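Enquirer: Residue numbers (our numbering), protein chains in the order written: chain A, 1 to 300; chain B, 301 to 635; chain C, 636 to 930.
No lab work stands behind these hints, which were simulated from the structure alone. Please read these numbers as outputs of a predicted model, since none were measured by experiment. For every residue, glycine included, the Cβ atom is placed at its ideal position computed from N, Cα and C. Among the clues, some could well be false.
[Claimed, not checked] According to the in silico footprint, chain C covers these stretches of chain B (three or more CB under 8 Å from chain C):
hint, stretch
1, 418 to 426
2, 539 to 546
3, 621 to 630
[As the list claims (entries may be wrong)] Subject to a maximum C-alpha distance of 20 Å in a straight line, what follows is the list of computed DMTMM-like cross-link-like pairs (lysine to aspartate or glutamate):
hint, chain 1, residue 1, chain 2, residue 2
4, C, Lys886, C, Glu642
5, B, Lys631, C, Asp640
6, B, Lys631, C, Glu804
7, B, Lys631, C, Glu796
8, C, Lys822, C, Glu784
9, B, Lys554, C, Glu804
10, C, Lys886, C, Asp733
11, B, Lys554, B, Asp583
12, B, Lys550, B, Asp583
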Amino acid sequence: MSDLTQTTAVPKRDRSARAENWARAFYRFRQSWLSLIGLAIVVTLIVLAVIAPWIVPHPDHVAGTTNTGFRFQPPSAAAWFGTNELGQDVFSLVLVGARVSLFSAMVVIALAIVIGTLVGAIAGYFGGWIDEILMRFTDLLLTIPSLILAMAVAAALGTGVWNMIIAITVTWWPAYARLVRGEVLVKKQEQFVVASVALGAGWPRILGLHILPNIVSPLVVKASLDMGFAILTVASLGFVGIGVKPPTPEWGTLLSGARAYMPDYWWTAVAPGTAIFLAVLAFNLLGDGLRDVLDPKARR
Amino acid sequence: MLFYFIRRVAMLVPMLLGLSLLLFVVARLLPGDPVGLAAGPNATPELIERLRAEFGLDQSLPMQYWTYLTGLVQGDWGQSVFTRRPVFEDLMTYLPATLELVIAALVIAIVLGIPLGLLTAVYRNGVLDYVTRTVALGGIAMPRFFLGLLLQLGFAAWLGWLPLAGRFPLIGFPPEHVTGFYTVDAVLSGDWEGLRLALAHLAMPAFAMSLSPLATIMRMMRASTIEVLQQDYVLTERALGLSSRLILFKYVLKNAMTSTLTIIGLYVSWLLGGTVLVETVFDWPGLGLYATQAILTQDFMPVIGVTMVIAMIYLVTMLLVDLLYGVFNPKVRYS
Amino acid sequence: MALLDIENLGLAMTSFEGETQILHGIDLTIERGEIWGMVGETGSGKSLTGLSVSRLIPSPPGRYTSGAIRFEGQDLLQADEPAMRRLRGRRIGMIFQDPTTNLNPAFRVGTQLVDVALHAGRADPSVLGLAPGASARALKAAAKARAVEMLDHVGITNPAERIRSYPHELSGGMKQRVLIAMAMIGKPDLLIADEPTTALDVSVQAQILRLMHALVHERDIGVLLITHNLGVVAQICTHVAVMFRGRILEKGPVRAVLKHPSHAYTKALLDAVPRAHTKRGELRGLGGIDMEAAE
Numbered sequence: 001m002s003d004l005t006q007t008t009a010v011p012k013r014d015r016s017a018r019a020e021n022w023a024r025a026f027y028r029f030r031q032s033w034l035s036l037i038g039l040a041i042v043v044t045l046i047v048l049a050v051i052a053p054w055i056v057p058h059p060d061h062v063a064g065t066t067n068t069g070f071r072f073q074p075p076s077a078a079a080w081f082g083t084n085e086l087g088q089d090v091f092s093l094v095l096v097g098a099r100v101s102l103f104s105a106m107v108v109i110a111l112a113i114v115i116g117t118l119v120g121a122i123a124g125y126f127g128g129w130i131d132e133i134l135m136r137f138t139d140l141l142l143t144i145p146s147l148i149l150a151m152a153v154a155a156a157l158g159t160g161v162w163n164m165i166i167a168i169t170v171t172w173w174p175a176y177a178r179l180v181r182g183e184v185l186v187k188k189q190e191q192f193v194v195a196s197v198a199l200g201a202g203w204p205r206i207l208g209l210h211i212l213p214n215i216v217s218p219l220v221v222k223a224s225l226d227m228g229f230a231i232l233t234v235a236s237l238g239f240v241g242i243g244v245k246p247p248t249p250e251w252g253t254l255l256s257g258a259r260a261y262m263p264d265y266w267w268t269a270v271a272p273g274t275a276i277f278l279a280v281l282a283f284n285l286l287g288d289g290l291r292d293v294l295d296p297k298a299r300r
Numbered sequence: 301m302l303f304y305f306i307r308r309v310a311m312l313v314p315m316l317l318g319l320s321l322l323l324f325v326v327a328r329l330l331p332g333d334p335v336g337l338a339a340g341p342n343a344t345p346e347l348i349e350r351l352r353a354e355f356g357l358d359q360s361l362p363m364q365y366w367t368y369l370t371g372l373v374q375g376d377w378g379q380s381v382f383t384r385r386p387v388f389e390d391l392m393t394y395l396p397a398t399l400e401l402v403i404a405a406l407v408i409a410i411v412l413g414i415p416l417g418l419l420t421a422v423y424r425n426g427v428l429d430y431v432t433r434t435v436a437l438g439g440i441a442m443p444r445f446f447l448g449l450l451l452q453l454g455f456a457a458w459l460g461w462l463p464l465a466g467r468f469p470l471i472g473f474p475p476e477h478v479t480g481f482y483t484v485d486a487v488l489s490g491d492w493e494g495l496r497l498a499l500a501h502l503a504m505p506a507f508a509m510s511l512s513p514l515a516t517i518m519r520m521m522r523a524s525t526i527e528v529l530q531q532d533y534v535l536t537e538r539a540l541g542l543s544s545r546l547i548l549f550k551y552v553l554k555n556a557m558t559s560t561l562t563i564i565g566l567y568v569s570w571l572l573g574g575t576v577l578v579e580t581v582f583d584w585p586g587l588g589l590y591a592t593q594a595i596l597t598q599d600f601m602p603v604i605g606v607t608m609v610i611a612m613i614y615l616v617t618m619l620l621v622d623l624l625y626g627v628f629n630p631k632v633r634y635s
Numbered sequence: 636m637a638l639l640d641i642e643n644l645g646l647a648m649t650s651f652e653g654e655t656q657i658l659h660g661i662d663l664t665i666e667r668g669e670i671w672g673m674v675g676e677t678g679s680g681k682s683l684t685g686l687s688v689s690r691l692i693p694s695p696p697g698r699y700t701s702g703a704i705r706f707e708g709q710d711l712l713q714a715d716e717p718a719m720r721r722l723r724g725r726r727i728g729m730i731f732q733d734p735t736t737n738l739n740p741a742f743r744v745g746t747q748l749v750d751v752a753l754h755a756g757r758a759d760p761s762v763l764g765l766a767p768g769a770s771a772r773a774l775k776a777a778a779k780a781r782a783v784e785m786l787d788h789v790g791i792t793n794p795a796e797r798i799r800s801y802p803h804e805l806s807g808g809m810k811q812r813v814l815i816a817m818a819m820i821g822k823p824d825l826l827i828a829d830e831p832t833t834a835l836d837v838s839v840q841a842q843i844l845r846l847m848h849a850l851v852h853e854r855d856i857g858v859l860l861i862t863h864n865l866g867v868v869a870q871i872c873t874h875v876a877v878m879f880r881g882r883i884l885e886k887g888p889v890r891a892v893l894k895h896p897s898h899a900y901t902k903a904l905l906d907a908v909p910r911a912h913t914k915r916g917e918l919r920g921l922g923g924i925d926m927e928a929a930e
């Protein structure tokens, strides 16, 4: 009966587990064609935004030159998206407008991650009264409607891209602080962290070397999902007349300006509006795809 | 249960206290000179000084906060530097308009979102599923203000079916004031023409606001329904002959609702904060327009007031969501 | 006429790898009063056979490639969904493995019990002791009374109060009793129990088996008991069928098969059961058995 005894062969691996994980993640991402479309649009947008000043048909319009003889031309071969009330080429304005939107959204997210991680990691790692104070404060900020707070701060600081970025960041970091705190609390209990505490490692080393590198995935997922909403918020501020002021082209401001001429000269509004929509959609699709790959448990 | 409720309500007090302090400090720390703006460019330093004294801005910050706090409890929420009107009265005027809009949007989102989520989960990968999911992806990405503009373009300018903007015709008389909700007031006074007009004005802004929560609720509901449908107890219920309609609308729905409920609660705050945008597009005389006006003139008190009201409504909603959570999920214990 | 007659049943399932034949011509006949134990390792197709009888395998991915499942002469593979629904819960009861996941956590156990009783009562009012054409109200009242009665019958103390409990307020053994009550409340003629005691601890297992045994004898019904536990088979089954890779290798009265297994696989299965005198290191697995040679 000895032939019935079970033997287990250890399977040989030619690749490391980590490389295999990445390969599988990439495969899963490729499986979802919606994420690929999102990625394609995002890349196109970023490339266009970077090279916009050199490729737009009317760089002078972007700089503020007007051409009143050509006011409110409907879309045509000469002006793809038509012209606005000042006779400026809407296509040029929208293309260059991508710069402000993408740049400010990225900076907002980056700042929010830095501040949020700092606050969240300290609160989660040290606990006790530090945690209590920091988290009560973030909770309070989270109850304030973010758009109104951002509007108020931006209005008080005055117009300008950086003031707008600061205003949005003020409302944006608490969510990251909550996320990081939660992750740090979980990771703190893990064996490898407990082990390094036992070995006498100091807290900056434990936090920086053992905990934070392990919470990058949820942060990346949240950041990519948030990019779309940050673009939306930038445009919202522009739309209500707070934020970037003309002549700097910005999608929300362009849309707000177009409102006055709305039923008759609809193209002046449709072009920047569609640009916002496409950018938000693309980042959402990309974020959904990344979440499925990096954080399969949160799949919803 | 009752004890839990009382404790939760009591916990709102320190939250609101902290919030009022935070808002007050932030408002005072920010650069900006509301009195200077209100007094106009030609004001003399003496006039500005007199105005500052009138609004108590010459006092120390703790003193100002104390005055504000004691007033808050008595229904005196300060005064607009710009219009000189009491903030509390203004809030009570504009709040019903905003609430009517937000509730209408929420009702549209829930009434359409939950059944659509259930159905697309059951007929997964069918035509309805693909169509609604594609629309939902777009719906989440669509800026409310742009959607509002497109609706105005289509239904007001081109088709002429709905009024372009506003809450009621300028020359008409709104229904007799009872609740401040025009639709409710119209029904209460039996003013059916008024109800028709109020609904016609409400339709576009409410829909523009509802699309994003509608899409999110639908997606959430679809995902949790798919998860619930794979549970063992659904197989048992099918194996013992219960009809698929009973299983779906009774046994699955209640389980799938729990996660959706939290999303609905979060959207109340999102909708209230976002009225700024939709009210701007549709000239809807609510808190959003009021807040925008105040923000542009850096008029602190109305901004603090609007923020406090929205935060209060948000906190109360989250409390209600927590209580409802226990109804849908009996495992939740209130202690 | 046999209560259940499965003849040459073939089932194929489609997955991303293509269609795979899962069941290769199952033949099995169950008469009233017989308790058939179906044993075999995980993935041998026991559970899918049980689910097939109630037609609970969605299609796609499932597809029946051959055979018939005759319940009192009616071929269930030809029956449509409404016809199957009239049988489920009323003529055919089912119990599944894990009592904690098989009761709906958001509803009181009574709600679920009453709904099953109502379903069975609508199909046949006599189940609830009513005459044909009973009013909806009478059905509802009778279903409620019957639910309490049934809980009492499966040995739950204080049933009138327990009926208002949520599943998480009951122990695992109590939950399985509730599930048995749900399966039996429609007075079925055939009971399919898929590993009904596997998730329970040993002392509760024995109680549940005793309960099932008593119910079967009292009603004279046929049972298909799916298990991988030969001890359970030896305790309560009258007949046994040994399954391996979608085939029935050996079947017959339980004594005959367990005492004189004719098939190498059955022998291996029996040898794998640990005994009181099994020494450390002597525990045997089934790995490495050469089925091509065994067949």
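Enquirer: Give a verdict on every hint.
Expert: How the hints compare with the structure:
1. Restraint check on the stretch 418 to 426 of chain B versus chain C: 0 residues with Cβ-Cβ distances below 8 Å, three needed, restraint violated.
2. Check on the stretch 539 to 546 of chain B: 6 of its residues sit with their Cβ under 8 Å from a Cβ of chain C, so the three-residue criterion for coverage holds.
3. Counting residues of the stretch 621 to 630 of chain B whose C-beta sits closer than 8 Å to any C-beta of chain C gives 3, which meets the bar of three, so the coverage hint holds.
4. Restraint check for Lys886(C) and Glu642(C): satisfied, since their Cα atoms lie roughly 14 Å apart, inside the 20 Å limit.
5. Using a Cα cut-off of 20 Å, the hinted pair Lys631(B) and Asp640(C) is violated, with the two alpha carbons roughly 43 Å apart.
6. At most 20 Å may separate the alpha-carbon atoms for a hinted pair to count; Lys631(B) and Glu804(C) meet this at roughly 9 Å.
7. Of the supplied pair hints, the one linking Lys631(B) and Glu796(C) holds, its CA atoms being roughly 18 Å apart against a limit of 20 Å.
8. Restraint check for Lys822(C) and Glu784(C): satisfied, since their Cα atoms lie roughly 13 Å apart, inside the 20 Å limit.
9. About 19 Å separates the Cα atoms of Lys554(B) and Glu804(C), which keeps this hinted pair within 20 Å; it holds.
10. Taking the CA atoms of Lys886(C) and Asp733(C), the gap is about 27 Å. The hint is violated against a cut of 20 Å.
11. For a cut-off of 20 Å, the pair hint linking Lys554(B) to Asp583(B) is broken: about 39 Å separates their Cα positions.
12. Using a Cα cut-off of 20 Å, the hinted pair Lys550(B) and Asp583(B) is violated, with the two alpha carbons roughly 42 Å apart.
Going through the hint list in order, the structure does not satisfy hints 1, 5, 10, 11, 12.
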